[in-house]
Amino acid sequence: MSRRYRDQRKSKGTPGVVFAIVGVALFLCILLAIGGVVALVNSGKQAGPGAASPAIETRNATLTIAYSPEKATLLQGLAEKFNAKNLRTSDRQPIKIELVELKPDEMVEKALAGQADFQALTPDSSLWLDQLNSRYAQAQQTEPGAIPPRLAGEGVRYAVTPIVIAAWETSAKSLGWPAKPVGWTALQTRARQDANFKWNHPSTAHASGLLATLAEFYAGAGVQRGLTAEMAQNPKTLEFVNAVEKTVRFYGESELAVIQQAAKAGAKDLDAFVTPEQLVVAFNTGVFGKPPAKLIALYPAEGTLWADHPLALLETPELTANQRRTFQAFREYLASAEAQKEILRAGYRPADLSLSLAGPDSPLTAANGVDHSQPQTTLQLPPPDVVAVVQNVWAAAKRRTNVILVVDTSGSMKGDKLTNMQTALRAFLAQIPSDQERIGLVEFNSTVTSIIELDTLAKNRGALTREIDGLQANGNTAFLDAVRTAYRRLQQSGDSERINAIVAMTDGRENASRVTLQQLADEMQTGNQKTPIIVFSVAYGSDADMKVLDTLAKASGGQVRVGTPETIRELYKILSSYF
Amino acid sequence: MNLAPILVTLGGGLLALILAIYFWVARGRGGGRTQAVFFTILAAVLLIVAAGLGWQRLGPNAAQQALVAVPRGPVQVRVLAALPIEPWVREAARQFNEKGLRQDGQPIEIQVTAMDGLTALGKFDRDEFGTLPGGKTRDQLTAAERQKLETTFPTVWIPDSRYLVELANAAYKERLSRDVFLTDGEYRAKPIAISLFTWGLYNSRATALEKKSGKIDWQVIHDAAIAKGGWPELGGDPAWGFFKLVVPNPRRNVGGLAAMIAAAGEYYDKPNISVAEVTDPKFQKWLKELMGALTDVSGASAYTAEDFALFGYSVGDGGQLLESDLLNSMAGIQKRWADPLVIRYPKYVTWFDFPFSIWVGPETTAAEKNAALQFQQFLLTPEIQKLAVAQGLRPVNSQVSIKEGDNLFVQWKSQGIEAVVQRTTRMATPSRDVLQALLRWFDLNVGK
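Those sequence lines, one after another, are chains A and B.
Just so we're aligned: 378 in this note's numbering is position 378 of the first sequence, and the numbers increase by one with no gaps anywhere.
Just so we're aligned: 1444 in this note's numbering is position 444 of the second sequence, and the numbers increase by one with no gaps anywhere.
Keep in mind the hints are simulated off the structure, nothing from the lab.
For glycine and all other residues, C-beta sits at the position ideal for the given N, C-alpha and C.
Check the hints yourself; a few may be wrong.
Pairs of lysine-lysine residues, derived as DSS-like cross-links and limited to a Cα-Cα distance of at most 27 Å, are as follows [unchecked claim]:
#1 A:246 x A:417
#2 A:96 x B:1148
#3 A:103 x A:573
#4 A:180 x B:1228
#5 A:110 x B:1123
#6 A:417 x A:573
#7 A:173 x A:264
#8 B:1148 x A:110
#9 A:547 x A:414
#10 B:1270 x B:1282
#11 A:341 x B:1335
#12 A:246 x A:173
#13 A:268 x A:173
#14 A:268 x A:530
#15 A:341 x A:294
#16 B:1190 x A:85
#17 B:1228 x A:236
These stretches of chain A come out as covered by chain B in the derived footprint (C-beta under 8 Å, 3 or more residues) [as the list claims (entries may be wrong)]:
#18 214-227
#19 297-308
#20 397-405
Work out the full structure: start from the sequences and follow the hints.
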């Protein structure tokens, strides 16, 4: 073959080979590119939309804090201002505080059960942190003498307030204020001697309730310190505590709820109640509306307790280093001049001692019913095991109740309304702590259709549950007749030892009763002079007749509450805490 | 997972390969041999790099590596600081971090966590920080284990007193057969500030007690504690109620243990206390009577001097507390309660020396240890020691004086503060058995 021919053959064949090789290479590149895109898309899908990679979760700097209800306004404001600073950790994670409202005992239970959806907590008192750590240490079976593990870390104080007896100015004077020191003895004596004297304290789930109860046990045991479990369970002590508890009008869900009610009802509801000093200041400065009268903070001569509102981390393995940084940053913010001044304005005593309680910006003044040089002394807080005995003994010694539930099953209650109501009633029964409480039920629509007579829950629970399960909606609304039926049954029992109450619910307008509103109101006002019976009127939805509900509540010294299909269950749980 | 580097390198490699093929083929038509060789080599390099990246990201160990929160940048020194010095150490850490100092080319970050000495000792006892089990090295840890070590294991512990360090060392010697905090050498535990226990009482209360009983000591306090008639019996105001003693809960605050040991020292009139002495029934009866004057035996009170200030005489008339805590509270107490504190020094003095103790085990890296040394040196500088003095602590740097100048020791001299403490007898550090005996007694008799 000639060289020219070979060259021609080469020059004719070579471009084709080159193109073929380039084409194959390009094809491979395209395949790889497609494969890479598919791999990227798949790895994104596996992670899921919005899902953080594990590395980001461990750097999470959002700290959720559980707080007790009475400081909702203060803490929400402080957290908002803190978050507005848009701080970041050294690895650029946003520092943020989120809040969740919980009762202190709920914080403890959730933390111990490992179900806390919060990483820090600020209950109303260090008592709760101590209870939490004490129970945690017991669960770890720490031997006496060994250093126990702790679940709640060191607490930080930013605001404190003493627990006081709040009384209307006229009531305070009738107790001896300001001429002489007033204390638990004066309150207890007056309550036992004067059937018209109305007072309350929350349950021992709240610091103020525990304090009032402790004061009763100290007084009953005849000591001012060194209360032991044996003293707390002594029959003489129990007799005294029973006698005092018989004078409690009702217990109630929290100090905040009581003071809100006081703002509406004034002195008609209660003459005195146990509450933190800060709420007295808030009340007198109009936070809950124009005060109907002035409240005075009485600092018990025998001693009181402080609500010290500690803030503490839950030391769990899931706590990230960044969450610790957030805690530290928030702690420093709470100690800042800006936050401390806000705390003082809200009526608390700030942890910053450089802020004068007597200064022009301080609301802790005689004009607002408080004395910042008080209290002079505190009650001795016993060891945790004695506190636990006091709480348990109180649950047995507390004033018992007769409660009749009045339940509307008119036609408008059909569907979800009735279903949710049934759930709420079951929740109410479940929340009642003792089987010795007496509960009855009156069901109505066009007339009173069914009555479960008052009896102890030990005997009545089955019948009540069956009745609730069998409720059906139809007919009109004979609300007043039903309430009168319940009222007359309680009057006939004449049991003034117990708290007598009606929880009367309706979702509509009264249209079928024989008794009129005025007649019933008059009957109540007369009858209550013999055996006081409180009506808690529940408006279920927006169609309920508020005038009727309000009139009955006022006539009996009770309350009106509003529930919706979504909130009715929670409302009945709250109402159960009054008993 | 980021595949971009792999794809880019691979794409580049393939492009180089195409060009290499082209030039090899074109060479036959008189094209560039040089370009062909160049692109061949380039293609080979890029394809090898792509293969390596792929193996790293997609190979068998890749899944575990995805969990690693790779600490970027700073050498982190995690400091557990006892409560009385934590504010000072934290402020010092803030200033130190601002300086931007480096260790092995990396910036140093000091992180401070407040923790009572006993609480920290308990955590060390239970190995909650997670030491490496015998023989294991950091390289053998899983990613999650290494991450925990690098973010939570303390590099430095500054307890209230060196005896806590000795107790921790004793525990780890049994478990790991080595010291974890050294007592000699470059990394030895070194005091960075000192303070001591003194009596702090409200002036009104101290006046009444001293008038009735003379010099304040544990016996005088005991007699006040058991006075059935309360303050009227002691010459005080009836509104003051009973005598109220402030002693930190020993479960929450090592000062509580120190107070009980100091009480034992005065009871037996000697600075060395044995187990037999703290378990003696007569002493325990005396101690129980004393503790009966605590206002809060629930265990909640760990705040002591802070309690004095926040809650005033309502929770305590007086107690034996750390001088620095009292000094920090003097102004606030005067402002809040209009009744100043007075300070009285006990016969046998208990000192806290806050030793800066670096963890020398493999759980901390050399860089972390050396960075910790830098911070230790910083804490000992005159400027930072003066900061400690401003917070009521006594300096260890002899260049810094507390006898003159505008400091808390001079400011509160009139209230009994002594810049030079005349007492020479120091309470001996208790053995672990004595500590445990007292804690056990407290649990069973007071704070159960």
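Going through the hints against the structure:
{"no.": "1", "hint": "A:246 x A:417", "result": "violated (37 Å)"}
{"no.": "2", "hint": "A:96 x B:1148", "result": "holds (23 Å)"}
{"no.": "3", "hint": "A:103 x A:573", "result": "holds (13 Å)"}
{"no.": "4", "hint": "A:180 x B:1228", "result": "holds (23 Å)"}
{"no.": "5", "hint": "A:110 x B:1123", "result": "holds (23 Å)"}
{"no.": "6", "hint": "A:417 x A:573", "result": "holds (17 Å)"}
{"no.": "7", "hint": "A:173 x A:264", "result": "holds (22 Å)"}
{"no.": "8", "hint": "B:1148 x A:110", "result": "holds (25 Å)"}
{"no.": "9", "hint": "A:547 x A:414", "result": "holds (23 Å)"}
{"no.": "10", "hint": "B:1270 x B:1282", "result": "holds (17 Å)"}
{"no.": "11", "hint": "A:341 x B:1335", "result": "holds (16 Å)"}
{"no.": "12", "hint": "A:246 x A:173", "result": "holds (23 Å)"}
{"no.": "13", "hint": "A:268 x A:173", "result": "holds (17 Å)"}
{"no.": "14", "hint": "A:268 x A:530", "result": "holds (17 Å)"}
{"no.": "15", "hint": "A:341 x A:294", "result": "holds (24 Å)"}
{"no.": "16", "hint": "B:1190 x A:85", "result": "violated (39 Å)"}
{"no.": "17", "hint": "B:1228 x A:236", "result": "holds (22 Å)"}
{"no.": "18", "hint": "214-227", "result": "holds (count 3)"}
{"no.": "19", "hint": "297-308", "result": "holds (count 6)"}
{"no.": "20", "hint": "397-405", "result": "violated (count 0)"}
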